[in-house]
Amino acid sequence: MNFANQVLQWFLSGAHWQGDGGIPHRTLEHLAMSGASVFTAALIALPIGIAIGHLGKGGNLAINISNIGRAIPSFALLVLAAQVFGIAAASQVVGFGAVPAFVALVALAVPPMVTNSYIGMREVDPDVREAARGMGMRDRAVLLRVELPIALPLIMAGIRTSAVNVVATATLAALVAWGGLGRFIVDGFGLQDYPMMFAGAIMVAVLSLVVEFSLAGAQRLTTPAGLRPSKSARKEEPIGTALDTAMA
Amino acid sequence: MLAAGVLGAIDDPWIRWSWISGHVDVITAALVQHIQLTVIAVVIGLVIAVPLGLVAWRSRLFRGPIFSLTGILYTIPSLALFSALVPFTGFSVLTAEIGLVSYTLLILIRNIVVGLTSVPDDVREAARGMGFRPLAELIRIDLPLAIPAIVAGVRIATVTTIGLVTVTALIGEGGLGSLIYDGLLRDFRTPLVVGTVLSVALAFVADLGLAGAQRLFTPWSRARATR
Numbered sequence: 001m002n003f004a005n006q007v008l009q010w011f012l013s014g015a016h017w018q019g020d021g022g023i024p025h026r027t028l029e030h031l032a033m034s035g036a037s038v039f040t041a042a043l044i045a046l047p048i049g050i051a052i053g054h055l056g057k058g059g060n061l062a063i064n065i066s067n068i069g070r071a072i073p074s075f076a077l078l079v080l081a082a083q084v085f086g087i088a089a090a091s092q093v094v095g096f097g098a099v100p101a102f103v104a105l106v107a108l109a110v111p112p113m114v115t116n117s118y119i120g121m122r123e124v125d126p127d128v129r130e131a132a133r134g135m136g137m138r139d140r141a142v143l144l145r146v147e148l149p150i151a152l153p154l155i156m157a158g159i160r161t162s163a164v165n166v167v168a169t170a171t172l173a174a175l176v177a178w179g180g181l182g183r184f185i186v187d188g189f190g191l192q193d194y195p196m197m198f199a200g201a202i203m204v205a206v207l208s209l210v211v212e213f214s215l216a217g218a219q220r221l222t223t224p225a226g227l228r229p230s231k232s233a234r235k236e237e238p239i240g241t242a243l244d245t246a247m248a
Numbered sequence: 001m002l003a004a005g006v007l008g009a010i011d012d013p014w015i016r017w018s019w020i021s022g023h024v025d026v027i028t029a030a031l032v033q034h035i036q037l038t039v040i041a042v043v044i045g046l047v048i049a050v051p052l053g054l055v056a057w058r059s060r061l062f063r064g065p066i067f068s069l070t071g072i073l074y075t076i077p078s079l080a081l082f083s084a085l086v087p088f089t090g091f092s093v094l095t096a097e098i099g100l101v102s103y104t105l106l107i108l109i110r111n112i113v114v115g116l117t118s119v120p121d122d123v124r125e126a127a128r129g130m131g132f133r134p135l136a137e138l139i140r141i142d143l144p145l146a147i148p149a150i151v152a153g154v155r156i157a158t159v160t161t162i163g164l165v166t167v168t169a170l171i172g173e174g175g176l177g178s179l180i181y182d183g184l185l186r187d188f189r190t191p192l193v194v195g196t197v198l199s200v201a202l203a204f205v206a207d208l209g210l211a212g213a214q215r216l217f218t219p220w221s222r223a224r225a226t227r
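Protein chains in written order, with our numbering: chain A, 1 to 248; chain B, 1 to 227.
What the hints contain is simulated information worked out from the structure, not anything from laboratory work.
Since the model is a prediction, treat every value here as computed from it, not as a measurement.
Glycine included, each C-beta is placed from N, C-alpha and C at the ideal position.
Incorrect hints may have been included.
[Said to hold, decoys possible] Listed next, the stretches of chain B that the computed footprint assigns to chain A, with coverage defined by at least 3 CB atoms under 8 Å from CB atoms of chain A:
1) 83 to 91
2) 166 to 174
3) 200 to 209
[What the hints assert, rightly or not] Residues of chain B clear of chain A, computed beta-carbon distances all greater than 10 Å:
4) Glu97
5) Glu125
6) Leu143
7) Thr196
8) Phe217
Please build the complete structure, drawing on both the sequences and the hints.
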């Protein structure tokens with residue numbers, strides 16, 4: 001109980017809620033970095049995945065890219081990015097690790113989005129596509145009004161997988177001198193301040209779960225009414241596994 | 001300190017072969033520990049996941065809670081999970097394995113359930129018609145037919161674990177991650193590159209090895225794969 005009490009005291013201390021190193025600022029930093037990375041990655045990945053899926057070419061690339069992405073440890077990716085983007089000097093000063101962290105997070109977020117948007121486009125029933133053409137739709141209309149709406153849930157699933165990965169890995173970015181909520185964990189380690197470390201871990205876990213659940217909700221909302229699974233079937237798709245479902 | 005960092009980053013080549021040849025024992029030890037941490041995590045993960053997967057498959061009541069709980073574990077970032085455990089289990093292999101096993105569960109259980117659910121009803125009916133009892137049907141019909149999906153889960157879990165092991169460097173374990181961490185702390189690229197390359201190579205070898213093993217042990221699924 002003593003330890004729990006220390007953690008509680010840490011949270012209750014007013015000093016931890018103020019300034020650049022405070023909880024609100026670190027949380028915002030974490031969310032801003034994650035949001036910017038996921039957004040940038042989406043701008044790169046979605047056009048590629050959708051184009052490959054629409055044209056039906058390069059499917060192996062789209063499938064394999066996420067396997068390759070999974071094999072590269074995100075920790076290694078961050079440290080490598082820190083070396084490539086030369087923060088050796090800046091890394092002595094906390095907060096200057098933004099560029100390498102951003103690059104690593106974007107690289108991490110791209111593969112699941114490419115793969116899922118590709119699979120989403122491929123899984124559109126060919127009969128549906130045919131029917132759309134039979135109704136006189138041009139290629140563009142088929143893409144925009146038939147394929148994309150049907151593929152949207154899987155596209156969203158890719159974004160969600162990436163976003164949860166990014167929020168998790170942004171925590172590790174504290175190791176390459178960036179801020180975010182990971183700072184509390186990493187600094188807690190460094191100072192052997194276990195209540196702070198534990199508090200940081202709780203905040204990171206809560207943030208990840210909030211992101212996961214809100215994006216899962218968004219994914220459901222984007223599912224066209226006709227494609228929504230019944231209540232009982234819905235249970236079979238657990239959270240956090242959109243990509244893996246596609247790969248299995 | 002600052003100047004040394006700058007100079008180090010500019011002058012340090014990506015690979016210093018002399019460091020590698022002088023540290024073969026360190027690198028080998030890291031690789032061995034990486035494999036050990038991964039194998040232990042996936043094996044314990046399977047031991048826990050198989051019964052839970054069977055329960056989730058058979059019981060609608062437990063399926064939701066099992067998936068929700070393992071899904072939450074899966075969503076919690078690795079650094080957060082490891083560091084939340086440290087005050088209780090210390091800087092130890094136990095801390096690393098609790099975290100690593102947690103991340104395998106969702107993947108394994110999900111694929112076990114998917115595999116078992118995909119066994120065709122007529123096959124199951126035929127088994128029952130041939131007089132199989134429930135347990136015999138499970139062991140001789142359902143599980144063998146679910147193997148491709150289960151192995152797919154083991155492959156994903158293994159590759160994911162190999163990546164996550166690197167993070168355990170922060171709690172004093174790490175396998176190849178300890179080389180990466182060393183490279184980070186000293187601003188020294190060679191161990192960083194060696195750790196990363198070996199970790200990626202290990203993931204590919206493990207993935208291909210498991211895929212090959214599955215082909216060997218489920219000859220009936222080969223016909224489908226080559227279609």
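The hints, checked one at a time:
1. 83 to 91: holds (count 4)
2. 166 to 174: Per the Cβ count (4), the hint holds.
3. 200 to 209: With 4 residues close enough to chain A, the hint holds.
4. Glu97: It holds; glutamate 97 of chain B is separated from chain A by about 18 Å at its closest Cβ, greater than 10 Å.
5. Glu125: Check passes; 22 Å lies beyond 10 Å.
6. Leu143: Leucine 143 of chain B clear of chain A: closest Cβ-Cβ about 17 Å, beyond 10 Å.
7. Thr196: Contrary to the label, threonine 196 of chain B does not stay out of reach of chain A, its closest Cβ about 4 Å off (not over 10 Å).
8. Phe217: At roughly 18 Å from the nearest Cβ of chain A, phenylalanine 217 of chain B sits farther out than 10 Å, so the non-interface label holds.
Going down the numbered hints, you'll see the structure goes against just number 7.
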